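K.L.:
So you can see what is in the structure, the chains are spelled out below.
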Amino acid sequence: MGAVDLTQFHKTFFEESLEGLDAMEAALLALDSGATDAELVHTIFRAAHSIKGGAATFGFADVAAFTHVAESLLEEVRSERRGVDAELIDLLLRSVDCLRAMLDHTSRGKPAADADSEALRAELVRLVSGETPAAPVAAAPADVAASGWDIRFVALPHLLQTGNDPLRLFRELQQLGRLEVCRAFVLDSAPAQLAELDPGQCYLGWELRLHGAVARGDVAAVFDWVEGDCELAIEPTAAAPVATVTPAATAASESPAPAAPVAAAGPRPVRETAVASAEGSSIRVGIDKVDALINMMGELVITQSMLSDIGENFQLSQLERLREGLVQLERNTRELQESVMRIRMLPIGSVFNRFPRLVRDLERKLGKQVKLELHGEHTELDKTVLEKIGDPLVHLVRNAIDHGLETPEQRRAAGKPETGTLRLDAYHEGGNIVVQISDDGAGLNHAAIVGKAEQRGLIRPGQELDDTEVAELIFQPGFSTAAQATDLSGRGVGMDVVRRNVRDLGGSVGVRSQSGKGSVFTIALPLTLAIIDGLVTAVGQERYIVPLISIVESLRLRSDMVRKIAGGGEVFHFRDDYLPIMRLHRAFGCAAAVTEIERGIVVVIEEEGRRVGLLVDDLLGQQQAVVKSLEAHYQRVQGISGATILSDGSVALIVDVSGVVRLGQRRQAA
Amino acid sequence: MAKILAVDDSASMRGMVAFTLRGAGHEVTEAENGQLALDAARGGAYELVLADVNMPVMDGIAMVRELRALDAYKGVPILMLTTESHTEKKMEGKAAGATGWLVKPFDPEQLLATVKRVLG
Numbered sequence: 001m002g003a004v005d006l007t008q009f010h011k012t013f014f015e016e017s018l019e020g021l022d023a024m025e026a027a028l029l030a031l032d033s034g035a036t037d038a039e040l041v042h043t044i045f046r047a048a049h050s051i052k053g054g055a056a057t058f059g060f061a062d063v064a065a066f067t068h069v070a071e072s073l074l075e076e077v078r079s080e081r082r083g084v085d086a087e088l089i090d091l092l093l094r095s096v097d098c099l100r101a102m103l104d105h106t107s108r109g110k111p112a113a114d115a116d117s118e119a120l121r122a123e124l125v126r127l128v129s130g131e132t133p134a135a136p137v138a139a140a141p142a143d144v145a146a147s148g149w150d151i152r153f154v155a156l157p158h159l160l161q162t163g164n165d166p167l168r169l170f171r172e173l174q175q176l177g178r179l180e181v182c183r184a185f186v187l188d189s190a191p192a193q194l195a196e197l198d199p200g201q202c203y204l205g206w207e208l209r210l211h212g213a214v215a216r217g218d219v220a221a222v223f224d225w226v227e228g229d230c231e232l233a234i235e236p237t238a239a240a241p242v243a244t245v246t247p248a249a250t251a252a253s254e255s256p257a258p259a260a261p262v263a264a265a266g267p268r269p270v271r272e273t274a275v276a277s278a279e280g281s282s283i284r285v286g287i288d289k290v291d292a293l294i295n296m297m298g299e300l301v302i303t304q305s306m307l308s309d310i311g312e313n314f315q316l317s318q319l320e321r322l323r324e325g326l327v328q329l330e331r332n333t334r335e336l337q338e339s340v341m342r343i344r345m346l347p348i349g350s351v352f353n354r355f356p357r358l359v360r361d362l363e364r365k366l367g368k369q370v371k372l373e374l375h376g377e378h379t380e381l382d383k384t385v386l387e388k389i390g391d392p393l394v395h396l397v398r399n400a401i402d403h404g405l406e407t408p409e410q411r412r413a414a415g416k417p418e419t420g421t422l423r424l425d426a427y428h429e430g431g432n433i434v435v436q437i438s439d440d441g442a443g444l445n446h447a448a449i450v451g452k453a454e455q456r457g458l459i460r461p462g463q464e465l466d467d468t469e470v471a472e473l474i475f476q477p478g479f480s481t482a483a484q485a486t487d488l489s490g491r492g493v494g495m496d497v498v499r500r501n502v503r504d505l506g507g508s509v510g511v512r513s514q515s516g517k518g519s520v521f522t523i524a525l526p527l528t529l530a531i532i533d534g535l536v537t538a539v540g541q542e543r544y545i546v547p548l549i550s551i552v553e554s555l556r557l558r559s560d561m562v563r564k565i566a567g568g569g570e571v572f573h574f575r576d577d578y579l580p581i582m583r584l585h586r587a588f589g590c591a592a593a594v595t596e597i598e599r600g601i602v603v604v605i606e607e608e609g610r611r612v613g614l615l616v617d618d619l620l621g622q623q624q625a626v627v628k629s630l631e632a633h634y635q636r637v638q639g640i641s642g643a644t645i646l647s648d649g650s651v652a653l654i655v656d657v658s659g660v661v662r663l664g665q666r667r668q669a670a
Numbered sequence: 671m672a673k674i675l676a677v678d679d680s681a682s683m684r685g686m687v688a689f690t691l692r693g694a695g696h697e698v699t700e701a702e703n704g705q706l707a708l709d710a711a712r713g714g715a716y717e718l719v720l721a722d723v724n725m726p727v728m729d730g731i732a733m734v735r736e737l738r739a740l741d742a743y744k745g746v747p748i749l750m751l752t753t754e755s756h757t758e759k760k761m762e763g764k765a766a767g768a769t770g771w772l773v774k775p776f777d778p779e780q781l782l783a784t785v786k787r788v789l790g
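From first to last, the protein sequence lines are chains A and L. Here our numbering is used: position 80 in the first sequence is 80, and no number is missing along the way. Here our numbering is used: position 51 in the second sequence is 721, and no number is missing along the way.
None of these hints come from the bench; they were simulated from the model. Predicted model, so just to flag it, every value in this text is computed and none were measured. Ideal Cβ placement from N, Cα and C applies to all residues, glycine included. Among these hints, one or two may not hold up.
What the hints assert, rightly or not - What follows is a list of derived Cβ distance ranges for each label pair: (1) 373/A with 739/L: 39 to 47 Å; (2) 190/A with 671/L: 44 to 52 Å; (3) 671/L with 391/A: 48 to 56 Å; (4) 624/A with 786/L: 56 to 64 Å.
All chains should be modelled from the sequences, with the hints used to inform the complete structure.
P.N.:
Shown next as structure tokens:
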């Protein structure tokens with residue numbers, strides 16, 4: 001029995017504990033903003049309670065000890081013996097942080113408690129009225145009777161309805177020593193007529209004698225579950241023998257079983273156990289998604305059997321049915337694919353949830369008043385994207401509060417409400433997920449940005465810039481530097497890092513700003529990294545896939561639309577603008593490609609407002625492409641984001657639009 | 671061996687209980703809260719119910735009360751999984767009709783000993 005290995009549940013414990021802490025934090029913040037819902041207090045309490053129970057069960061003594069004190073404090077709140085004030089919430093929020101760190105340490109097999117956690121625990125202990133250290137309940141004094149115990153046990157009528165059974169109690173007593181039933185009797189309250197007897201009720205009482213040197217506590221422990229369901233008297237056996245010895249109907253008989261003590265119901269000392277390091281990440285999937293998948297699978301099986309039916313003895317007259325079957329197969333495959341992709345999708349709420357806390361901390365630190373609004377928390381994102389979008393979002397939120405929103409005094413002077421609004425939105429738009437961070441602050445300070453850009457040599461002094469160009473400056477590498485960064489927004493990380501992180505996810509980030517009204521940062525992210533909708537193009541013998549989402553238009557140029565520019569570059573006139581032409585065959589070194597521009601096709605692609613025309617031989621069609629990493633199988637290639645396999649089995653490369661646009665821009669500039 | 675219903679909102683505790691009992695040959699159904707446990711109980715004749723006290727949606731105490739109102743569960747043993755710091759919960763559970771309790775933290779041996787104590 002001792003071989004039951006509990007380490008397999010550790011990972012689940014850490015996961016659910018971290019979720020519990022998130023819920024606790026969210027509820028604390030809700031209380032902080034004035035909510036008085038009793039359910040919030042219950043949620044907080046329940047989280048602490050569960051963590052404590054699990055930690056103790058799985059042998060994480062430090063975590064158990066810490067949560068024990070926190071729980072005691074919360075119990076006072078729950079039973080309304082203690083009011084909730086900002087100070088208490090502060091303390092509990094710090095406890096949440098501390099527990100997160102302790103769980104992190106524990107999961108990596110390191111000691112959980114350190115000086116900080118001990119100091120915080122001491123603070124909690126001081127606050128809890130009359131709290132004593134979590135010492136095990138002292139065992140009842142070993143009151144051992146010399147010769148045995150006389151037990152009078154009268155079941156109350158409802159005893160059976162609690163699932164208890166006198167027979168079970170007698171069996172347990174037998175485990176302690178030889179049990180003798182001195183008398184069994186029917187209670188006066190029992191109905192006289194058999195017909196009136198309720199089989200669900202008990203009308204019996206017993207006088208028992210337990211022989212042997214047994215501790216009173218052990219005898220009492222047998223009856224602990226029926227306290228209140230019976231009348232019970234346990235007395236040491238008198239020296240004089242009892243007069244009547246009438247073994248009655250019960251199964252009690254001679255069986256001097258060795259005194260195996262019933263498992264003590266007290267807390268046990270928790271053990272320190274080594275923890276296996278947290279291995280591969282897992283994902284929790286809603287049952288509806290799995291059901292949908294099974295559903296699709298079923299339909300696929302039907303289609304498959306229908307097609308194999310046609311294939312068995314095919315006649316030309318069945319061609320129509322074969323076509324129908326293939327159309328159905330295509331639909332099934334697409335639906336199945338979508339269902340499988342949905343499994344990787346998680347709501348963005350898990351990322352949004354960390355912002356109430358962040359905003360609260362920043363408010364205090366910066367002396368600003370911020371109302372945080374979250375919208376679209378249920379919008380789902382690919383798990384990988386979700387994990388990586390957190391840091392850029394945190395950075396944008398910090399920036400918005402630090403640089404965007406004004407102090408209450410400044411806002412009042414500007415005729416705005418003292419409390420600024422910061423709004424996070426997530427929604428679907430086309431094949432993208434859009435996340436917006438908007439504030440109603442001062443907006444980008446154009447003069448300051450231009451001044452700084454000049455100082456850093458990003459633009460020439462006196463250069464004329466429109467609003468979009470000024471806004472673009474903040475994303476330039478080198479615009480923000482650690483030297484002048486504040487404690488909050490800076491840390492040596494600028495908006496260029498935000499943009500790079502978002503780009504690595506196949507997304508884009510931009511800003512719109514209005515002086516005095518506020519700024520809106522918009523991040524567009526692909527639904528998934530694994531599949532893209534692409535346009536298959538031919539360049540010589542090669543096939544290149546251009547992501548559909550980046551394509552503005554495809555057109556055939558007449559030679560008079562093309563201009564040569566200094567340095568050998570080519571541009572063409574497109575909607576009041578001149579765009580650089582990028583010959584893909586030249587960029588990627590493909591042989592036997594179309595070289596006369598008017599014979600090929602130009603695909604106009606756009607990335608963050610910048611456009612480039614790609615010259616290809618021909619357009620072959622639209623296709624979904626499963627992205628295979630080129631880096632994993634070969635190496636990183638500039639202008640290529642990955643590879644895929646076409647329906648004929650050949651390999652096509654996927655064009656990295658932002659990389660190609662940058663290449664094109666560089667050529668144009670050169 | 672017995673058909674047992676294990677109810678706890680904590681997946682790790684529930685998993686530990688179910689794993690231990692299955693290892694001893696019992697047939698275990700898991701439920702995440704009192705409401706789901708009630709639904710399961712209506713659909714299956716369980717011989718023992720083990721339930722946590724603090725759960726969202728429907729807590730263990732309310733669940734016991736509801737179970738006892740079902741004819742099929744009038745005399746079925748129901749054990750509360752509780753913590754030592756909440757003795758009053760034991761009494762509340764008893765008042766609702768629980769058979770007994772198992773105090774957290776418990777290890778697999780203690781769990782099996784207690785289950786044996788109830789099932790005989």
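K.L.:
All hints, please: hold or fail.
P.N.:
Status of the hints after comparison with the structure:
1. Range check, residue 373/A to residue 739/L: Cβ separation about 44 Å, and the 39 to 47 Å hint holds.
2. Separation of residue 190/A from residue 671/L is about 36 Å and departs from the stated range, judged on CB atoms against 44 to 52 Å.
3. Separated by about 51 Å at the C-beta atoms, residue 671/L and residue 391/A satisfy the suggested range of 48 to 56 Å.
4. With their beta carbons about 58 Å apart, residue 624/A and residue 786/L fall inside the hinted range of 56 to 64 Å.
Violation of the numbered hints given earlier is confined to hint 2; every other hint is satisfied by the structure.
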